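**Student:** Okay, here's what each chain looks like letter by letter:
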Amino acid sequence: MAEFFQQSFHAHFNFWIYVILMMIGLWALIAKNNLIKKLIGMSIFQTAIILFYVSLGVKAGATIPILDPYGNKEQAAAYAEESDPAKGKNEKKGTEEKGDSSYVGKKSPNPDIMANPLPHVLMLTAIVVGVATLGVALSIAQMIFKEFGSLEEDEILEIVKGGNVDD
Amino acid sequence: MIFAFDIVILVFLVIAAIIALSVKDLLSASMIFGIYGFLICLLWAEMGAVDVAFTEAAVGAGISAVLMIATVFNTKRKSSD
Amino acid sequence: MTDQIPAILVLAPLFGALIIGLAGQKDHRVCFPVTIVSLLVSLFAAFGAVVEVVRSGEIDYFMGGWEEPIGIGIHLHIDSLNAPLLVAIGIVSVLVAIFSIRRIGDKNTEKTPHFYSLYLMLCVGLFGITIAGDAFNLFVLIEVSSLTSYGLIAMGSSRRGTLAAFNYVLMGTVGASFYLLGVGYLYLMTGTLNMQEIHTIFLANPDIASSKAVAISFILILIGIWIKMAFFPLYGWLPNAYSYCPSSSACILAPLMTKISVYVMIRVMLGVFGIEWVFASPGYSNLVVWLAVIAILAGSMLALAQREIKKMLCYLIVAEVGYMVGGAWLADEKLWGLTGSLYHILGDAAMTLCLFLAAGIFAKRFNAIEIEDLEGLFKKAPWTAAGFVVGALAMIGVPPTCGFFSKFYLIRGGIEANHWEFVVALLVSSLVNAVLFFRIFEIAFFGNKPPEGHGHHEEEVAELKEEHHPEIPTWTGTSSLLVASAIVILLGIFNGEIVELIRIGLEDLPQFASRL
Amino acid sequence: MRLSQIFATIAVVITGCILLYGVSDFPGFGDPHSPANAGVPGSESVSQYFITESYGDTKVPNLVTSVLADYRGYDTMFETVVIFAAGMAIFAILGAVGGGGQPREQSEEPFFVNGDHSRIIVGTTCRLLVPVIQLFALYVIGHGHYSPGGGFQGGVILAASFIIIALSSNLNAALRRLSEANYLRIACIGILIYAGFGVLCQVLEGNFLDYGLLQPVLLTDGPEMARSHSMLGVEIGVAFTVTAIMFAIYANLSSRGTLRDGL
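Each protein sequence line maps, in turn, to chains A, B, C and D.
Residues in the first sequence are numbered from 1 upward in steps of one, following my numbering.
Residues in the second sequence are numbered from 1 upward in steps of one, following my numbering.
Residues in the third sequence are numbered from 1 upward in steps of one, following my numbering.
Residues in the fourth sequence are numbered from 1 upward in steps of one, following my numbering.
To be clear, the hints were calculated from the coordinates, so they are not data collected in a lab.
The structure presented is a predicted model; accordingly, all values stated were derived computationally and were not measured.
Please note that the accuracy of each hint is not assured.
[What the hints assert, rightly or not] Label-pair ranges, simulated between beta-carbon atoms:
| id | chain 1 | residue 1 | chain 2 | residue 2 | range |
| --- | --- | --- | --- | --- | --- |
| 1 | C | 37 | A | 61 | 49 to 59 Å |
| 2 | C | 382 | A | 149 | 45 to 55 Å |
| 3 | C | 408 | D | 217 | 31 to 41 Å |
Quick reminder that beta carbons are idealized off the backbone N, C-alpha and C, glycines included.
Let the hints inform the model, and build the full structure from the sequences given.
**Tutor:** Next up, the structure:
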């Protein structure tokens with residue numbers, strides 16, 4: 001058990017937290033009585049999934065996925081390594097004068113020095129989808145408040161069952 | 001990525017999520033949800049996902065919280081749970 | 001032009017929606033022609049896709065021309081499994097658009113452009129889901145169709161409808177999120193999002209395919225899609241959402257949304273995980289078939305208990321979803337269950353459309369919400385009644401209609417797979433449907449009202465009522481209903497050809513070379 | 001404890017256990033050679049391709065932007081459509097609440113309401129802040145190729161500037177700058193720009209969104225620069241839609257769909 005904990009918990013700390021956050025959100029989504037609270041739970045549920053995806057793309061010791069050989073020494077070194085070593089120094093001189101053209105003709109960097117961009121792209125989409133859903137859900141919640149005068153689920157269900165409130 | 005930061009922010013995240021769900025005042029809950037958004041934005045910046053962090057700062061922490069507050073103002077501030 | 005078919009399918013309704021957004025606010029008369037024209041373009045492209053698929057097998061389309069290495073761009077894929085479905089979506093959307101003319105605008109004309117814009121974007125989502133070859137792209141398009149359907153359901157003005165829409169939003173989001181999480185697990189284990197590529201990796205690396213994470217990703221994707229299709233334990237959102245919304249929305253959502261989800265499930269089973277992997281341990285497929293059996297029986301029984309037409313139809317959808325899921329999971333040697341399931345997607349779309357259109361016309365014109373309100377209506381509206389009868393006969397499974405043939409294939413699969421409980425459930429469900437619909441026929445033809453005591457039931461009925469408009473002409477609705485019922489019969493008559501097309505698609509999948 | 005809470009606890013515990021059971025099988029956190037980061041042995045890794053080749057393909061240093069707007073541009077277009085659909089859905093839902101045909105008040109309250117001096121500080125600060133925010137938003141949209149940012153982020157920030165106007169003064173002040181008819185139109189035009197770039201590529205006998213073919217239209221040297229410029233155009237389209245719809249959602253939600261006297 002202790003070994004399992006050591007192995008799983010230490011190497012997968014982010015993944016454990018994502019499960020915990022997701023379960024908090026899911027619990028709130030099902031069990032909370034107030035509709036706004038349900039929506040907060042829904043948002044937490046969605047961010048937990050985003051946390052999972054972003055954790056996939058993390059590489060230990062890597063930088064952000066933006067090419068910048070001037071500012072970042074590691075990236076510059078990777079460029080110099082990957083391109084022709086003899087040519088590397090000359091080109092480095094050239095960068096100061098020619099600006100952007102310094103990228104041209106160079107070979108690509110070592111992929112391990114940059115975080116994986118694909119999960120980031122996917123999660124941009126997911127965040128936007130999340131806010132769109134939240135907006136629609138909030139507008140429906142406003143309609144429910146207008147119709148029933150309450151945002152508590154049990155009160156609303158009572159009104160629906162009893163049929164004792166007129167418009 | 002710095003592991004110590006990672007753990008600290010993740011723990012704060014869980015705390016913020018629980019508080020946002022347990023506060024009875026919905027306005028406070030929406031604002032704590034905004035704090036949750038900023039924390040997770042910090043986490044993503046720390047993980048190297050700068051574009052996601054930027055979007056989350058603008059969308060998750062900014063617009064979502066504002067929309068929620070707009071709804072709370074137009075409905076009811078008190079909640080039973 | 002034939003190589004651009006997949007793009008045209010999606011883009012025509014999208015541009016239609018944008019034009020309505022731009023011009024529809026000022027002049028509402030723009031909305032309807034634009035809708036029809038853009039949907040007809042899509043329908044035409046769908047027919048083109050079928051012709052092309054019959055001629056050359058399959059169509060692959062790479063967005064932005066990013067073909068190599070596979071998986072960097074987005075891949076659209078049409079083969080003979082989804083080409084017939086494209087035509088079905090096109091036909092249903094055109095017919096419902098014709099039905100919906102001047103209906104949604106009755107009460108509040110300000111909403112007309114919003115309705116048609118959402119309607120066209122829903123069609124974009126449905127077409128896109130059907131042809132998607134990329135797991136994440138599928139998620140985005142599921143969200144397009146879900147968000148539009150939230151809007152379409154909540155735009156009605158009934159109180160229960162709003163509540164149902166809220167539940168639908170929550171359930172739909174959870175379903176889509178589970179799907180997204182499952183895709184994330186797949187990406188974690190394989191490093192790609194392209195469905196075919198994931199399948200290739202599974203075939204090449206059995207250790208990945210047998211890992212825990214892949215098994216869990218399959219479970220997550222399955223749960224997500226089951227929520228979307230209202231499979232048995234997760235069906236709670238469907239009946240209220242579909243019965244309290246405007247009838248134009250119900251007519252497009254009920255025939256298509258659940259069926260597309262079933263298609264997505266089959267696509268994921270066949271194209272991503274592979275049928276050998278899915279049916280590797282018979283225990284799980286037995287479990288799903290038993291769930292389907294419970295779904296069929298529960299759906300039929302609950303339908304029997306309903307007194308409102310629309311709610312009854314909604315519970316019948318739950319039962320029909322049970323047919324399709326059960327058929328897909330029968331795992332018989334020759335895959336007749338899967339064939340029947342794919343054929344039933346088409347047939348069920350047509351017959352659900354028939355029944356919902358008829359129910360919508362009854363509600364609009366005669367204010368008939370409950371079954372007993374139908375008394376003597378068949379004499380007043382013989383054409384609508386004819387359409388309703390055809391749809392009902394197909395539900396029961398009477399020979400010339402498609403319902404009979406799909407049940408025939410499903411039962412054949414059940415017998416070959418030795419799943420007798422599924423066969424029994426199908427027969428019981430047919431019997432229940434027969435009882436259900438003959439009760440309606442009796443009331444509607446002879447006016448034998450069953451003696452009933454009213455409880456506090458009136459309010460619920462009042463919620464279901466829409467604006468009552470006896471004066472507006474209903475020939476548009478009736479004509480689309482008649483076309484729909486003709487399609488029900490045509491699908492039955494030409495079942496051999498359609499099934500042959502589906503079988504070709506199944507045979508093309510590499511893992512079946514040994515089976516068929 | 002209510003029934004739903006018991007049910008929720010059971011469901012959550014079961015789901016959580018299943019998920020944690022799967023976690024133990026994952027590759028380690030931060031492992032640069034996990035399948036997601038480096039691909040499965042025997043097949044080419046997609047994400048490594050993006051890191052090593054995308055600059056050569058598109059000449060955009062920000063890999064996220066190039067993947068977002070070019071390789072997966074089809075997804076991004078539908079992401080924008082999702083936003084548009086959400087906006088349409090909200091108008092359709094809340095439209096029933098509003099008075100419909102009633103004329104809307106066009107009078108704008110001044111920043112300093114008569115006698116109400118408590119708003120002076122807020123009003124003045126926001127008035128000074130808004131142009132700066134808008135300028136920053138445009139920078140974010142335009143500079144998305146070289147730094148974090150792009151159409152979505154810039155669009156949201158631009159919408160935030162209008163929301164600040166609405167919060168510090170009132171909704172009418174913001175609606176006068178971006179009216180109901182205009183925001184719908186802008187939202188449609190945004191997607192039209194995006195899809196228009198795609199269709200233009202089809203006209204030039206390529207696939208949808210194959211920006212490289214736009215070289216003769218955009219007069220750039222090489223298809224790579226054509227891709228880079230088209231991505232900028234596409235991002236601007238996204239920004240249009242996001243700005244308009246985000247502000248519209250706020251305006252509708254804060255005034256219950258009436259678009260009169262919001263918060």
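**Student:** Work down the list of hints and note, for each, if the structure agrees.
**Tutor:** Against the structure, the hints come out as follows:
1. Range check, residue 37 of chain C to residue 61 of chain A: Cβ separation about 57 Å, and the 49 to 59 Å hint holds.
2. Taken as a hint, the range 45 to 55 Å holds for the pair residue 382 of chain C and residue 149 of chain A, whose Cβ atoms sit roughly 46 Å apart.
3. In this structure the hint that residue 408 of chain C and residue 217 of chain D lie 31 to 41 Å apart at CB is violated, the actual value being about 56 Å.
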